[in-house]
Structures are given as structure tokens and as C-alpha cells.
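Colleague: For reference, the chains in residue letters:
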Amino acid sequence: NAGVTQTPKFRILKIGQSMTLQCTQDMNHNYMYWYRQDPGMGLKLIYYSVGAGITDKGEVPNGYNVSRSTTEDFPLRLELAAPSQTSVYFCASSYIQGANEKLFFGSGTQLSVL
Amino acid sequence: AQSVTQLDSQVPVFEEAPVELRCNYSSSVSVYLFWYVQYPNQGLQLLLKYLSGSTLVKGINGFEAEFNKSQTSFHLRKPSVHISDTAEYFCAVSEWGTGNQFYFGTGTSLTVIP
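Chain order of the listed sequences is A and B. Per our numbering: the first sequence ends with 114, consecutive numbering throughout. Per our numbering: the second sequence ends with 1114, consecutive numbering throughout.
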């Protein structure tokens, strides 16, 4: 059971570089999310998607872009990396609409921007 | 706006001792409440959730939590901790009728001392 798979696990970027964090899930979940986790700050929602072709901003979307061309994939794009984007990024998914539904998380991507 | 407060950032406890991790939330509407656990270098996993009904909720690994509406709290407890319980614990809240927006606390690092 793969669940939610994130790649890469670690990455170091220089300021101004771009990269895409990959996220794929094999549970046929409609909802997918990107969170960032900073020390002492908990998880903050960057973007989320309620289905293929539909995305929306979360709490901290600036500096990021997403797309959802398929149900399975939800990549997160950093166009011009900045030190403030150094963080651990988690992708998550859930099946049905409803705030009572639990989230399934990937194992995270640790990103450093130097 | 929704907010979740975990007052204790770090909680050291001896093995086989009881533990309580505190969580308070603010919301003007009805909520669903969750506790997630994060083991080192892993994503978050659902520990337990409160949706409705009995205010005492039992989860995995012997953990339980009690929803107190008047105090807007959802504290996590375990009567006897084990070394393997060492992890980061996150309280999360979602509001009825707002789709899938989850709000996370800043986390509590539980360290079990042998």
C-alpha cells in the first residue's frame, strides 16, 4: 500500500532557483493538500485541491504554484526560491468532502534554500 | 478565524507515568477535533478524532482524549507511556460547513525517559 508518495525527500536549492515537489496518491482521493511545517509553527496550508482541475489557495500561498491535471498527482512548484521557503513540506489527501475526514500524509520533503 | 493552541511545546515524562497533552481551540461554530502523531522523519498519522456523541474518544496505542465544549479543549491523555510514544503530537480542528480546511496547533514534543 503506497498511500501518499512525495519526492524528493531532501533538496538544497540556491536562492532564485526553481523546483517542483512531486506528490502522488493511489487511493483515488478527491482532496489533496500541501502544507509546510516550520519549527514551533505547526502546519500551515499552502494550497489545496478538491479534484482534478480545481485548486485553491490556503493560508500561505505566496511564492508557490500548484496544478492538478489528474486525480493522482498534485505537484507544488517553487519558481524563485527564497530562504523563507526553507521548511519541511507535506502533501496530504482525503477521500470525501467533509471536515470530519482524516488526512493521509506523505513522509515529507525537507527543503533548504541557501 | 480559527485558532488552535498547544501550550506545552515540550513534555518530558518518565516511562510508565501518565501524561496529558493540552489543546485549546477557538471557534464560533461547531468543530471536529483531531490528534495526529508524527514519529521522527515520518508524516503525520491520525491518533484519534472527535466528530460527535460521547465526549471521551479512544484512539490507537492506548491514547484517549476528552472534548470539553465549555472550555473549548480537547486534551490528550495516556495513563502509562512507553518509550515508543516519543514523538511530536499535533492537535487539529476543522469547522462544520467549511469544506476541508484543517487548522493545526504548533505541536507538542513528547519525550519518554527510561
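Bear in mind the hints are in silico, worked out from the structure with no lab data behind them. Where hints are given, some of them may not hold.
What the hints assert, rightly or not - Taking lysine-lysine pairs in the DSSO-like style, the calculated list, with each CA pair at most 30 Å apart, reads:
(1) A:K102 to B:K1049
(2) B:K1058 to A:K44
(3) B:K1069 to A:K9
(4) B:K1049 to B:K1069
(5) A:K57 to B:K1078
(6) A:K102 to A:K57
(7) B:K1069 to A:K44
(8) B:K1078 to A:K102
(9) A:K57 to B:K1058
(10) A:K14 to A:K57
(11) A:K44 to A:K57
Colleague: For every hint, state whether the structure bears it out.
Modeller: Going down the list of hints, with the structure as the test:
1. Using a Cα cut-off of 30 Å, the hinted pair K102 of chain A and K1049 of chain B holds, with the two alpha carbons roughly 8 Å apart.
2. Pair hint K1058 of chain B plus K44 of chain A holds up; C-alpha atoms about 27 Å apart against a cutoff of 30 Å.
3. At roughly 40 Å between alpha-carbon atoms, K1069 of chain B and K9 of chain A are farther apart than 30 Å, so this suggested pair is violated.
4. For the suggested pair K1049 of chain B and K1069 of chain B, the alpha carbons sit about 15 Å apart, so the restraint of at most 30 Å is met.
5. For the suggested pair K57 of chain A and K1078 of chain B, the alpha carbons sit about 37 Å apart, so the restraint of at most 30 Å is broken.
6. A C-alpha spacing of about 20 Å is found between K102 of chain A and K57 of chain A, which places the hinted pair at or below 30 Å, so the restraint holds.
7. Simply put, K1069 of chain B and K44 of chain A have alpha-carbon atoms about 25 Å apart, close enough for the 30 Å limit, and the pair holds.
8. Proximity of K1078 of chain B to K102 of chain A is assessed by CA-CA distance (about 21 Å); at most 30 Å being required, the pair is judged to hold.
9. For the hint pairing K57 of chain A with K1058 of chain B, the CA-to-CA distance comes to about 34 Å; that exceeds 30 Å, so the pair is violated.
10. Between the alpha carbons of K14 of chain A and K57 of chain A the distance comes to roughly 25 Å, so the proposed pair stays at or under 30 Å and holds.
11. Only pairs whose Cα atoms come within 30 Å are accepted, and K44 of chain A paired with K57 of chain A is accepted, the gap being roughly 11 Å.
This entry does not satisfy hints 3, 5 and 9, going by the numbered hints stated previously.
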